[in-house]
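Q: Take the sequence shown: its position 192, counting from 1, is numbered 197 in the numbering used here, and each next residue is one higher.
Among the clues, some could well be false.
Unchecked claim - Mimicking PhoX-like on lysine-lysine, the simulated pairs with C-alpha atoms at most 20 Å apart in a straight line are: (1) K125 x K27; (2) K25 x K325; (3) K27 x K325; (4) K27 x K230; (5) K125 x K25.
Everything labelled a hint here was simulated from the structure, so no lab data went into it.
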Amino acid sequence: MHNCILDVGGLSIGHAHNEKVKTGVTVILPDTPAACSVDVRGGGPGTRETDTLGPDGLIDAVHAVVLSGGSVYGLAAADGVCAWLGHERRGYVPSPNPAVPVSPIVPSAILFDNANGGDKDWGITPPYRDLGLKAVQSASKQPFDQGAIGAGLGATAGLYSGGLGTASEVVGDVTIGAIIAANPVGSPYMPGTDCFWAWPYNRGAEFGSATPPRDYRWAEPTDTKLAFLKSAGQSTVIGAVALNAALTPKQLNRLAIMAQDGIAMSVAPAHTPLDGDTLFALSTGVNPVTSPVDLAALGAASARCVARALSRAVYFAQAKT
6 MHNCILDVGG LSIGHAHNEK VKTGVTVILP DTPAACSVDV RGGGPGTRET
56 DTLGPDGLID AVHAVVLSGG SVYGLAAADG VCAWLGHERR GYVPSPNPAV
106 PVSPIVPSAI LFDNANGGDK DWGITPPYRD LGLKAVQSAS KQPFDQGAIG
156 AGLGATAGLY SGGLGTASEV VGDVTIGAII AANPVGSPYM PGTDCFWAWP
206 YNRGAEFGSA TPPRDYRWAE PTDTKLAFLK SAGQSTVIGA VALNAALTPK
256 QLNRLAIMAQ DGIAMSVAPA HTPLDGDTLF ALSTGVNPVT SPVDLAALGA
306 ASARCVARAL SRAVYFAQAK T
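Using the sequences and the accompanying hints, generate a full structural model.
A: Shown next as structure tokens:
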């Protein structure tokens with residue numbers, strides 16, 4: 006176990022970023038098409054192909070999930086991923102005729118990092134298609150660095166550096182993991198302290214060892230982005246949870262809903278009108294979960310993994326600044 010979404014098995018993760026632009030892309034690549042659902046909780050989301058995951062749709066599995074910086078420009082990262090998947094003949098097969106291209110199903114979500122000081126003078130060639138292609142080509146089953154990497158490079162969390170983080174947990178015989186690109190409006194720290202809101206879920210000082218002062222009292226936070234976002238803008242937390250059990254689309258939707266609680270467990274305020282909080286849930290296993298009680302336990306674990314992954318994203322990003 007590496008305390009990583011890759012502990013789930015059946016997945017590869019790829020990253021690409023551009024230091025000059027201060028942005029990046031992360032790709033979640035299942036070994037085989039994976040059942041997937043999504044929950045969107047923020048008021049300013051940016052997504053692609055999430056409607057495909059609806060309960061009444063034709064499609065019941067995805068070939069990749071893309072997390073990207075760049076706001077609306079970042080949605081083009083999925084173009085590069087689709088091109089690579091299509092070339093590999095990995096996609097929905099609309100016709101048995103081999104001359105008809107397959108249709109890769111690649112839902113994606115973006116975060117707003119366009120005001121972080123990077124060079125965004127890209128003319129008519131934003132870098133995201135190329136970043137998406139590089140990220141999927143680099144996909145690996147090896148544990149990866151956290152913090153300023155992939156979709157987390159250039160992110161901010163409140164007034165702090167944001168980043169990309171991951172965490173995993175075992176519930177019975179099921180492993181569940183999360184990968185989070187943390188770029189929220191709210192702060193991950195309790196006001197006036199260096200203690201993460203998610204400190205009760207900390208395992209082995211995975212994001213430091215700070216705990217609240219004994220006489221701690223809540224105070225009005227001064228380290229969120231709210232005061233700096235009077236004009237139109239967007240922040241967000243985007244990411245995914247995955248588990249090595251066979252869940253139905255309906256069960257995965259409930260898992261994604263419960264996983265969103267992890268954002269509220271680790272950031273305050275969360276799910277604001279300025280955030281685009283979007284989480285995907287993927288299933289890579291073969292053993293079904295039939296008990297609602299078991300599903301509830303997995304949902305609770307998914308929320309903890311999200312909270313820990315988000316805190317680790319910020320912790321490792323701060324360590325490198």
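Q: Each hint needs a verdict: does it hold in this structure or not?
A: Comparing the hints with the structure gives:
| no. | hint | result |
| --- | --- | --- |
| 1 | K125 x K27 | holds, 9 Å |
| 2 | K25 x K325 | holds, 17 Å |
| 3 | K27 x K325 | holds, 14 Å |
| 4 | K27 x K230 | holds, 19 Å |
| 5 | K125 x K25 | holds, 9 Å |
Comparing the model with each earlier hint shows no violations; every hint is respected.
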